[in-house]
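Student: Chains as they are written, first to last, in the working numbering: chain A, 26 to 269; chain B, 26 to 269; chain C, 26 to 269; chain D, 26 to 269; chain E, 26 to 269; chain F, 26 to 269.
By construction, these hints were calculated from the structure, which means they are not laboratory data.
Take the hints with a grain of salt, since some may be wrong.
Where chains are identical, the list cannot tell them apart; a pair therefore holds if satisfied intra-copy or between any two copies.
Claimed, not checked - Derived pair list, reagent style PhoX-like, types lysine-lysine, alpha-carbon separation capped at 20 Å:
1. 251 to 75
2. 124 to 251
3. 75 to 197
4. 30 to 251
5. 78 to 251
6. 75 to 30
7. 78 to 124
8. 197 to 124
9. 78 to 197
10. 30 to 124
11. 75 to 124
12. 78 to 30
13. 197 to 30
6 protein chains.
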Amino acid sequence: MPEQKTALVISAHAADFVWRCGGAIALHAEQGFAVTVVCLSFGERGESAKLWKQDDMTLERVKEVRRAEAESAARALGVHDLICFDMGDYPLEFDRASKDRLVSVMRAVQPAFMLSHSRFDPYNTDHMLTTQVVMECRSTAQAWGHNPGERVLGAPQLYLFEPHQTEQMGWKPDTFLDITPAWDRKLAAIQCMEGQEHLWQYYTNVAQNRANHFMRNSGGQSGGRKAQYAEGFESVYPRTVDTL
Amino acid sequence: MPEQKTALVISAHAADFVWRCGGAIALHAEQGFAVTVVCLSFGERGESAKLWKQDDMTLERVKEVRRAEAESAARALGVHDLICFDMGDYPLEFDRASKDRLVSVMRAVQPAFMLSHSRFDPYNTDHMLTTQVVMECRSTAQAWGHNPGERVLGAPQLYLFEPHQTEQMGWKPDTFLDITPAWDRKLAAIQCMEGQEHLWQYYTNVAQNRANHFMRNSGGQSGGRKAQYAEGFESVYPRTVDTL
Amino acid sequence: MPEQKTALVISAHAADFVWRCGGAIALHAEQGFAVTVVCLSFGERGESAKLWKQDDMTLERVKEVRRAEAESAARALGVHDLICFDMGDYPLEFDRASKDRLVSVMRAVQPAFMLSHSRFDPYNTDHMLTTQVVMECRSTAQAWGHNPGERVLGAPQLYLFEPHQTEQMGWKPDTFLDITPAWDRKLAAIQCMEGQEHLWQYYTNVAQNRANHFMRNSGGQSGGRKAQYAEGFESVYPRTVDTL
Amino acid sequence: MPEQKTALVISAHAADFVWRCGGAIALHAEQGFAVTVVCLSFGERGESAKLWKQDDMTLERVKEVRRAEAESAARALGVHDLICFDMGDYPLEFDRASKDRLVSVMRAVQPAFMLSHSRFDPYNTDHMLTTQVVMECRSTAQAWGHNPGERVLGAPQLYLFEPHQTEQMGWKPDTFLDITPAWDRKLAAIQCMEGQEHLWQYYTNVAQNRANHFMRNSGGQSGGRKAQYAEGFESVYPRTVDTL
Amino acid sequence: MPEQKTALVISAHAADFVWRCGGAIALHAEQGFAVTVVCLSFGERGESAKLWKQDDMTLERVKEVRRAEAESAARALGVHDLICFDMGDYPLEFDRASKDRLVSVMRAVQPAFMLSHSRFDPYNTDHMLTTQVVMECRSTAQAWGHNPGERVLGAPQLYLFEPHQTEQMGWKPDTFLDITPAWDRKLAAIQCMEGQEHLWQYYTNVAQNRANHFMRNSGGQSGGRKAQYAEGFESVYPRTVDTL
Amino acid sequence: MPEQKTALVISAHAADFVWRCGGAIALHAEQGFAVTVVCLSFGERGESAKLWKQDDMTLERVKEVRRAEAESAARALGVHDLICFDMGDYPLEFDRASKDRLVSVMRAVQPAFMLSHSRFDPYNTDHMLTTQVVMECRSTAQAWGHNPGERVLGAPQLYLFEPHQTEQMGWKPDTFLDITPAWDRKLAAIQCMEGQEHLWQYYTNVAQNRANHFMRNSGGQSGGRKAQYAEGFESVYPRTVDTL
């Protein structure tokens with residue numbers, strides 16, 4: 026029996042995996058991938074303004090609500106495993122233990138590819154720190170002398186998913202994924218994020234416009250494929266191929 | 026019967042297609058692609074120093090020798106069609122007619138992908154001008170109002186092949202192609218370039234070292250594939266995919 | 026009586042000024058600016074696929090239709106003067122006369138600011154060539170010895186309006202303009218572009234999402250202004266100010 | 026009564042705010058802004074060579090001298106509040122407490138804009154670390170769940186002031202401020218920095234040459250304004266405007 | 026007898042060689058280099074505002090004045106040969122003949138190094154076009170088949186001298202030259218440029234501040250050399266050395 | 026008696042100094058430089074896969090083997106002093122004590138130049154962290170108030186040696202060093218690295234191809250010097266010179 030294909034998403038805050046790669050998750054889940062999502066924090070301090078505007082709110086209650094939303098969204102997308110590191114946010118702070126934990130997840134999952142944030146983000150330094158640590162942990166997970174005896178990591182691609190305000194982050198997509206078949210599930214997951222309703226329409230617009238880019242780059246007016254919804258990704262590492 | 030797959034190489038000088046993408050040509054030819062190569066010039070003035078050091082050399086004789094070498098190399102690689110524009114080199118100069126001719130070739134070939142030079146080259150401005158014109162001609166070939174009635178071009182990827190002194194050109198490969206199965210033919214083509222024997226070893230070294238990069242990026246010490254020879258390419262446009 | 030304020034838009038093809046800065050035009054027209062729009066071509070060959078798919082279409086008929094659309098859009102936006110250079114498109118080719126004509130327009134208009142395309146565009150080389158020539162003509166228009174006796178140009182800002190697929194063009198907006206008060210006129214102008222109906226929704230989405238960026242950058246969840254529609258621009262030159 | 030306008034300067038070492046934005050401080054103070062300056066260190070180890078060349082110098086004495094100079098300069102510039110964090114320099118090291126303190130200052134001041142160092146500085150890593158932390162603290166100060174109940178920060182612009190050897194730092198000014206009316210006070214503040222007399226003429230030259238840039242960008246030979254002294258700044262975030 | 030060392034400066038307008046590398050010229054002349062300066066134009070249209078503000082000025086008179094100034098400056102600097110191409114300015118336009126002429130000069134001079142403008146200049150497109158053509162002509166001059174029989178060019182470094190508003194041009198100096206011994210001659214040459222008196226102080230300030238950079242990079246407070254005046258240059262090509 | 030010239034290499038892992046600058050070390054040792062090499066770690070976890078594939082391997086045994094290899098290589102190259110910090114690898118972690126130790130080495134050695142890793146490396150974050158810390162420690166070593174009384178550091182150049190997969194690291198060499206006279210010793214040192222035999226041929230190829238670049242940049246077909254082996258370096262800081 027062939028080994029199941031796997032993928033790994035590292036999300037700084039609880040909702041990032043929904044807006045930024047929910048379509049990719051749902052689509053690959055349907056294709057038989059077991060997709061693991063790591064949420065480093067719940068975004069409880071920095072991405073929950075609506076909750077904090079309520080009376081008598083506490084950090085624990087915000088985290089509970091955000092955890093519940095993330096779990097609902099993960100179910101909607103067909104996530105195989107949702108792992109909440111609960112590291113705190115704004116700012117995220119990585120110690121050696123949290124890095125080792127992420128290395129262990131990488132090795133356990135053995136992902137065909139990984140997904141995380143853009144390299145630069147002057148609005149949200151948690152995002153760029155996450156990607157820096159993901160690159161570090163990928164190196165460590167490849168090291169034969171780290172926890173010798175464990176299966177070391179290969180060389181999975183790291184795709185950077187779409188940040189908010191792409192141009193300010195220096196993010197340039199080189200891969201467009203047609204998520205039309207998975208859109209209903211991405212939309213369902215988006216609608217789990219009740220605390221950030223102001224972003225529902227925003228990311229629907231993004232998906233529609235990325236579909237336009239999908240069509241342009243697959244042939245345009247002369248044979249391009251009419252995707253309805255798409256997501257864009259930037260690759261960190263080169264691909265290795267047998268045909269161009 | 027399905028249409029044959031095609032590819033198009035645009036080479037500023039007669040030998041560029043050999044050093045820089047001879048493996049890709051031979052490999053795809055073997056895979057059933059009809060590969061067309063356009064040589065804009067013979068490199069007769071700027072890349073034929075060895076010939077010019079002979080007594081009584083003339084421009085016409087240099088061009089004949091270089092044409093013969095290019096034809097031999099094309100045969101060795103299994104090129105479907107070698108088209109020599111004979112535009113003169115150092116500097117290449119494009120007028121409207123030569124651009125229109127290139128547009129016509131693009132439309133006639135309808136390539137699945139194209140290959141040409143790096144965007145920047147302070148050592149050889151013919152190279153960077155070529156890529157600039159290739160991008161312009163790709164736009165024109167996509168224009169429904171250019172020679173209406175002809176089949177317009179889709180949106181083929183443009184791969185930039187490896188320049189000499191890559192770092193000076195700001196060229197960054199994002200795709201490594203395993204050319205091991207085609208190496209014997211690339212080597213044979215290289216050896217047709219008698220006027221530039223000083224580059225034979227150089228490009229053999231390049232192919233071996235790119236194979237190391239192929240292995241690293243396909244899994245490294247943990248499952249990477251041991252290619253013997255590879256070529257690297259930089260993509261200009263995003264890819265459109267159904268699976269990451 | 027104070028001199029009327031003016032602005033100048035240089036648009037490679039007939040519709041670019043609508044999608045990319047129609048809101049800025051309408052808004053400034055309402056604020057009392059006389060906005061001149063130069064269309065270098067009608068986009069007759071490269072941006073009129075829908076027309077060319079009709080039977081018995083000719084270049085002249087395409088140009089007529091496109092001119093009519095541009096004129097309607099200009100009226101909807103309150104453009105002061107629409108000047109069609111009719112230079113042909115795909116590719117645009119500038120000779121000395123067309124450059125001199127553009128210099129003369131710059132001097133006649135004496136714009137407070139200018140608007141044109143992104144610096145780089147691998148999909149559409151007409152766009153990047155236009156901006157390169159605009160920068161050249163701005164220099165010439167500032168030269169006291171060019172047509173001595175004419176009023177020379179000052180140092181108007183050149184704003185680069187939003188290209189299609191912004192990240193591929195290396196375009197980074199540094200200025201967001203709230204076009205909510207002018208949206209109805211921009212939408213009316215968009216709807217004049219009957220040949221490119223597939224872009225109506227696309228640029229509505231863009232305007233909505235840029236409004237989100239407007240809000241984020243004007244204060245976000247803590248006092249940001251809720252614009253409904255916005256446009257983004259990249260400045261070429263520094264600003265000179267008396268207060269930060 | 027309207028709220029007073031405020032600005033916040035974050036200076037890695039005691040003298041940076043003088044050389045790099047003393048004109049902006051004095052000018053805005055005169056315009057009614059309450060300008061707060063945070064000095065993270067006194068530059069006691071790394072920017073006090075002249076003092077250390079004296080006999081029997083101690084760290085405490087250097088800090089006293091530098092503090093006194095900074096206070097004199099602040100008075101000369103009309104600084105509203107000078108806050109010395111006394112974190113030590115070469116290298117600066119931020120712990121969570123010092124970051125939280127900076128967040129608190131940002132929230133207390135509620136600045137209309139902030140000023141700090143360039144993003145990159147291979148000569149002085151304290152400088153680039155400071156800006157990285159300022160961006161992180163800006164995020165935290167915007168987080169509703171950080172010290173809930175406090176007034177959260179809006180989205181103030183972060184201007185990067187002029188580093189030494191601008192080109193090596195990749196710093197590109199996009200805003201020139203005419204500081205002619207405030208020059209006498211900037212010069213007085215500069216002259217408070219007795220330990221770095223070798224820089225007095227240097228930064229006078231800078232201010233004169235930036236004034237030339239001010240004139241060029243405000244109209245040049247055709248209507249540009251003849252500033253005598255200016256300062257340049259690079260913006261991190263886009264502006265939001267109602268008129269271009 | 027050893028061959029005399031030579032250098033070649035390519036200046037878009039008559040005064041550029043004075044402001045931007047007058048010190049390098051004078052210094053190397055004193056060191057025994059024969060320095061040839063090519064002025065492509067007199068800057069008669071675009072850099073002679075002061076002259077054009079006089080009554081009854083004509084293009085010929087402007088050119089005469091500018092030529093005389095350039096000749097005086099060249100004498101002051103010890104230029105070996107001043108060659109005026111008189112191609113016209115704003116915009117410079119290169120045809121094949123002017124390029125061939127530049128190639129011939131390169132071959133005749135056989136410079137140890139060349140000096141020209143920055144790669145990018147949105148204020149003055151003549152400048153960036155010049156450098157682009159210099160790179161092209163360097164390639165052609167190296168081509169054995171261009172005018173066979175002539176001595177071909179080696180691989181001289183191309184130094185890009187300091188543009189106005191360096192940061193806007195993306196110019197980054199990697200080499201500082203101490204011109205203190207030649208400053209009196211540079212100043213004398215500057216003072217020949219009577220039409221641009223507003224730049225005398227500006228470029229004196231530049232030279233003083235570059236001397237500060239010279240000191241910092243040669244050892245700073247610990248053994249750096251106290252240059253009084255310096256010039257900065259950006260290298261296009263790598264150096265080849267026997268010792269680091 | 027003149028002071029002996031010195032150089033300092035900072036190598037993240039035990040073998041980096043061999044592949045990346047072994048030629049420079051041997052060549053300068055022969056020229057009379059005392060070259061100190063700091064190995065921050067042995068690469069025991071991340072660069073010793075071959076050893077870890079053996080049975081019953083332990084971290085201590087790997088470190089012993091790697092230390093012995095490094096010592097042998099250092100002897101082969103003529104290293105003056107090999108200092109092993111034994112900080113651990115994958116990931117390297119710098120605390121204040123290890124930084125202070127590096128500062129002390131810099132001051133004790135007083136190097137004419139330093140050599141370390143590229144600024145960016147998404148495959149190996151130890152490498153880029155090292156260079157960041159080297160820049161920080163260079164600043165601290167220049168600070169008169171750090172351990173007052175010690176001889177402070179001047180302004181030594183920092184050369185970045187060649188990383189693996191240069192283009193992915195954004196590394197651009199600006200200096201090529203002819204290491205032909207030292208090649209036999211570099212090869213001997215390479216052959217000490219028994220655990221990484223797969224890299225012997227790779228770095229021989231690199232040295233040969235860099236020699237081609239040396240020839241091209243020293244004159245090419247017209248007088249270029251035929252080096253057999255070379256190494257490339259990127260400078261962080263500008264040079265200060267008396268002749269271009």
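Student: Next, verify each hint and record whether it holds.
Tutor: Each hint, compared with the structure:
Taking CA atoms no more than 20 Å apart as the test, residue 251 paired with residue 75 passes between copies only; the shortest distance there is 16 Å, against 37 Å inside one copy. Taking the shortest alpha-carbon separations for residue 124 and residue 251, neither the intra-copy value of 42 Å nor the inter-copy value of 31 Å comes in at or below 20 Å. Taking the shortest alpha-carbon separations for residue 75 and residue 197, neither the intra-copy value of 31 Å nor the inter-copy value of 30 Å comes in at or below 20 Å. For the homomeric pair residue 30 and residue 251, neither the shortest alpha-carbon distance inside one copy (28 Å) nor that between copies (22 Å) is at most 20 Å.
Only between protomers do residue 78 and residue 251 lie at most 20 Å apart by alpha-carbon distance; the minimum there is 18 Å, versus 42 Å within a single protomer. Taking identical chains as interchangeable, the C-alpha atoms of residue 75 and residue 30 are never at most 20 Å apart, the minima being 38 Å within one chain and 28 Å between chains. Proximity of residue 78 and residue 124 under a CA criterion of 20 Å is satisfied in neither setting, with 33 Å inside one chain copy and 24 Å between copies. For a Cα distance limit of 20 Å, the shortest separation of residue 197 from residue 124 qualifies neither inside one copy, at 27 Å, nor across copies, at 30 Å.
Taking CA atoms no more than 20 Å apart as the test, residue 78 paired with residue 197 passes in neither setting, with 35 Å inside one copy and 33 Å between copies. For the homomeric pair residue 30 and residue 124, neither the shortest alpha-carbon distance inside one copy (24 Å) nor that between copies (42 Å) is at most 20 Å. Taking CA atoms no more than 20 Å apart as the test, residue 75 paired with residue 124 passes in neither setting, with 31 Å inside one copy and 25 Å between copies. In this assembly of identical chains, the alpha carbons of residue 78 and residue 30 never lie at most 20 Å apart, being 42 Å within a copy and 26 Å across copies at closest.
Taking the closest pair of Cα atoms, residue 197 and residue 30 never come within 20 Å of each other, the shortest separation being 27 Å inside a single copy and 29 Å across copies.
Consistency with the previously given hints fails for numbers 2, 3, 4, 6, 7, 8, 9, 10, 11, 12, 13, ordered from lowest to highest.
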